[in-house]
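*Asks:* Protein chains in written order, with UniProt numbering: chain A, 1 to 633; chain B, 1 to 633.
Warning: the hint list may mix true and false statements.
What the hints assert, rightly or not - Facing chain B, from chain A, some residues (calculated, C-beta under 10 angstroms):
| # | residue |
| --- | --- |
| 1 | 260 |
| 2 | 264 |
| 3 | 319 |
| 4 | 324 |
| 5 | 434 |
| 6 | 435 |
| 7 | 436 |
| 8 | 437 |
| 9 | 474 |
| 10 | 478 |
| 11 | 481 |
| 12 | 501 |
| 13 | 629 |
Unchecked claim - In silico SDA-like cross-links for lysine to any residue, where the CA-CA straight-line distance does not exceed 20 angstroms:
| # | chain 1 | residue 1 | chain 2 | residue 2 |
| --- | --- | --- | --- | --- |
| 14 | A | 580 | B | 189 |
| 15 | A | 427 | B | 315 |
| 16 | A | 502 | B | 313 |
| 17 | B | 427 | A | 313 |
| 18 | B | 189 | A | 316 |
| 19 | A | 580 | B | 315 |
| 20 | B | 197 | A | 534 |
| 21 | A | 14 | A | 580 |
| 22 | A | 315 | B | 315 |
| 23 | A | 580 | A | 473 |
I should point out that these hints are in silico values taken from the structure, not numbers from a laboratory. Note that the Cβ used here is the ideal one computed from N, Cα and C, for glycine as well.
Number of protein chains: 2
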Amino acid sequence: MDIKYTINAEEIFKARNSSLYKYGKDFAEIQDVIKKIGSKPVIDMVSDEHKALTDRDAKEIAKLGLISVELIRDDPKKFLAYLNSLVVIDLSVLAKLVIHYQLFGGTILELGTEQHHKKYFPDIKHMKIVGGFGMTEMGHGSNVRNIETIAEYDHQSKEFVINSPTPSSTKFWIGNLAKYGTHCVLFCKLIYKGEDKGVHGIVTPIRDVDTKQVFPGIEIGDCGPKIGWNGIDNAWIRFRNYRVPKENLLNKFANIDDKGEYTCKLPTPGKLFQNTISQLVFGRMLYICGPVRVLNINLKTVINYALSRRQFGEKGKSEELIMNYPSHYQVLLPMLGHLVAFEIARDSVIERLFDKNEEKLDETNSIISGVKALVNEYNMTCTNKLRTFCGGNGISSYNLFGYFRNEMDIFQTAEGDGAVLYQQLSKFLLSEYKKWYKKEGVTGYIIKEVQTFLATSNPIYTHSRSIPYILSNEFHHHAFSYRFEKMRSIVIEKLSHSKSKKMTFMQSWNDTLLYIIELSKAYTHLYILEQAHLSIKRCTDPPTRQLLNDLIKLYALSSIENDFGFYRNYNCISAGQALKISEAIKELCIAIKPYALDIINTDNSTSFDIPLAKDGNYIQHMASRVGIPFSKL
Amino acid sequence: MDIKYTINAEEIFKARNSSLYKYGKDFAEIQDVIKKIGSKPVIDMVSDEHKALTDRDAKEIAKLGLISVELIRDDPKKFLAYLNSLVVIDLSVLAKLVIHYQLFGGTILELGTEQHHKKYFPDIKHMKIVGGFGMTEMGHGSNVRNIETIAEYDHQSKEFVINSPTPSSTKFWIGNLAKYGTHCVLFCKLIYKGEDKGVHGIVTPIRDVDTKQVFPGIEIGDCGPKIGWNGIDNAWIRFRNYRVPKENLLNKFANIDDKGEYTCKLPTPGKLFQNTISQLVFGRMLYICGPVRVLNINLKTVINYALSRRQFGEKGKSEELIMNYPSHYQVLLPMLGHLVAFEIARDSVIERLFDKNEEKLDETNSIISGVKALVNEYNMTCTNKLRTFCGGNGISSYNLFGYFRNEMDIFQTAEGDGAVLYQQLSKFLLSEYKKWYKKEGVTGYIIKEVQTFLATSNPIYTHSRSIPYILSNEFHHHAFSYRFEKMRSIVIEKLSHSKSKKMTFMQSWNDTLLYIIELSKAYTHLYILEQAHLSIKRCTDPPTRQLLNDLIKLYALSSIENDFGFYRNYNCISAGQALKISEAIKELCIAIKPYALDIINTDNSTSFDIPLAKDGNYIQHMASRVGIPFSKL
């Protein structure tokens, strides 16, 4: 391979940010406020001080009046673009705004009715009231359905009486509420005439808006220092016969009318539950945006450093750039391929989510779950590796590896741990397959199996060692599809097998869990690849298209290499082919290496002040940061 | 498999800590001081305050007079046991003591002579002087040979004139010196009569012992906040015609006599250099102890939590313990297997290092490099996974996942980045092979190759799917040896092949780098396995032996599974065998699961106050930590 690419920065940026491209890279008004308040990553501050600063800065940004709950409804992409443009300030401030507008406000928007919108939206907009999202309890994280906080309806006073009946029912990690918040969307079991009606959302005042006094009946405190997000005041909360008026029930789907009658518009408690926790999907989408952005930033730091730091080399010559060691570029450049693939996938889920296609809602939610789990896992692994690629300089807080790792760690389990989210996607995939199977019947099934068999046992497929074939998008798509379909048949086979062993469905599901998770990963990888291939086709600029295509090939081949165990054990590729794949990866890396800096520089929208990321002169930038007076040299 | 183990806690502890066992689990005197000073992990403090606290606490421990440089010489295991007993305080304090006694004091011990020992040891003991290790520069990390700081000998005044000639020569990350240190072992190029004599160590006073004033000719400052070790005051230092008397040269090997003659006892500059940086080996050994200990602590937290936290489950029943999900125990228990294997390997390198067998010095140093790189990489990956296994509670600083990750991150690159250390080991392995090859000649070589070929092409080996065979230590040793030997032939083949392409040795080495690193990993895995098998044989208590053996089998099989790509691509195992290996891992996990808590509890020497790690009552412990008043319930 001897490739020369042409870099068209604008086109590459557009392809890497298709969904929000039309909003431009920044918003002047917000940038002005940021400059004024001077918010930047907090790297050396005690958490109480950090919380106070975060509260101040979030309110400064709110004062602008640009962000509002209505915007989520009217132009959600613009809402997202605003959040995106804020990824230059301390991430706790951003998190505070997200909890307040999207989780708290968005829940009122989706589950509440006109009266709630009128009553709360204006005060939310300017953060006159500050909201939290009261879901998690000490004993209940991902399994929201089992939360224990109860709101019993009192017919006499037309109020809900809220209680925390057990230690494990204590609300925990409730963001924005330990010190500064005033309201909370409280998720609790609604008890109506002694009957448990399931999880409902109730707007619950916590502190007096003016005096900031906590109301009687509420015990509240701070959850203490955390790995990240230390600017957020996460609360534990306990209720003791705390009363809120019935109007505070978010009653779009379930209502108690003036006569005290409980009604629910949705056909099943399951549907009600699904709608009740719907804001989590938007949150998960943000939890895809975060790590993708961070991967971008960290790669920029590492690529700049790798092209300026020298170490070891031939005697008598200047030391070698660390970028030129295969232990460096063969790790770094596949990450760049993943970044671009992830960016395209992120844009595709944004489009899907805002498309609001009711029929595809389940599919969208499931895909978001898979992508959220995958990119977070990948990003955390990368962050660690990338830090080591900067040696001691990577340890300096100024270069933000530690900062981003700490801030991103939470993303891995918040709003759904990877293992739980992967299961959610697999459930969807299996139920889709069941539908298809029912429609096509056994004949369709057999045809499909035979096709797969033929495709993989055909030596042209499994044994071709020709580099053009190995580099072809067809091969990649074929391999990813095969992995997905094979995992699906394995899961189905294992589930049916354990059925014959008289296990309950739950037992058999859990017994198959590792394969179920693999199935989900395989599908997510395939989904990302397909979105990337589609996006490449849409790209009208030929040089950009070629470059993107090669980056996606790197994503595909390095994923296959990473999973050689599977591909070999299930006879999708031969040993000889596997070795050729590793060679192809190396060649792609060597071809892309001279362009790595230009590629990563096409997105300059994040302007964190990172000494190693500026340019080739890391010694100068580190020196000026720690106050070394070179001028006197 | 239906195994019942008998847990003999004392025997297991002994097997897991054979090297330091005779020193007991703690030292009463040190524990008293720790109680008095109340040092514990610092999780929410600005770095300047943390540095002051660290300085105070380190000096309190020094006051006891138990630790000294002489102890490193007279009873290094006791020295190590003291350090080990300190892994209950904030790790910055420990780091400060290590830099001071081992790196600073140890270098004076090894490179200095009687006069230096007499002059400095008493003041080092009680930390009247506080020392640092002045090696790294802004432009030079792992490649110590290229440091630029110069010490030119002035014959007239019999002094060295020290200068930092370039920005990149600025000393950087020099621990203990930014605020509180008084002396430094400075590594610099000795210029004698205009000739560069290579890297030498010179004791260099930095601050006045009484007034703490920095001496003229020195510019010094703090490197700023870091990912971890924020109690350490890391300095940047620049010298301008700073003079130190010739007596300060550590002159055991290289000396300038009273007549101004430079002499060196060692045959080559390479040998002098190797001796000069010898303290790094001891440091690397400590960098093995650290992550192994941390893996132990984190596993204890996660196992306790997994046996108390419940999530999801059959309808109408209480939720399932998270330990019972394969996505949990099939990840967690192989880590427990690795922990025990690593503990045994750690003990074996301690024995090797203190054995001081000159002939085996090279081998020992190389093995330590490989083990250091491997355990640190493994531990960092585990820490992230283990954090997610505790969900939101893992995010709380009180459970120390973030703390340990931040403190351990530095270990990955300090005193040698993994990629550099693996290369060091591979160089040793290849030169050993060359020696053997020369001795045995072509016949020996062919016999060895044929043996390997027979062993692996024999279907009994490569295709046996019998579980007893797959579980046998012979199979594991065979597979690990095969991987090592195969990687070695691949590397040799690639190196000779590129020779024919007229590459320089350096080019050809770098072109083969990924394989060279794999070779080193393969050997390190094999070394650990062999040490574990030896240790099991030495264990005289049959139930303990069986349990240890099964834990090591889990280490071995999960390593093989993790590297299925290699084993399949190089025809060491068949596809059918691979699937059986995964089954065997599952069975081993299921057998060990009920004993996991007892196993991890055999080592209670670390008594960090971690809420989740105490026992099954995590809600109570978290609640009491954040002040939730359950008593009123």
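*Asks:* Now tell me, hint by hint, if it's right for this structure.
*Replies:* Each hint tested on the structure:
no.	hint	result
1	260	violated (30 angstroms)
2	264	violated (21 angstroms)
3	319	holds (7 angstroms)
4	324	holds (7 angstroms)
5	434	violated (21 angstroms)
6	435	violated (24 angstroms)
7	436	violated (27 angstroms)
8	437	violated (25 angstroms)
9	474	violated (23 angstroms)
10	478	violated (19 angstroms)
11	481	violated (20 angstroms)
12	501	violated (15 angstroms)
13	629	holds (7 angstroms)
14	580(A) / 189(B)	violated (47 angstroms)
15	427(A) / 315(B)	holds (18 angstroms)
16	502(A) / 313(B)	holds (17 angstroms)
17	427(B) / 313(A)	holds (16 angstroms)
18	189(B) / 316(A)	holds (17 angstroms)
19	580(A) / 315(B)	violated (51 angstroms)
20	197(B) / 534(A)	violated (62 angstroms)
21	14(A) / 580(A)	violated (33 angstroms)
22	315(A) / 315(B)	violated (71 angstroms)
23	580(A) / 473(A)	holds (16 angstroms)
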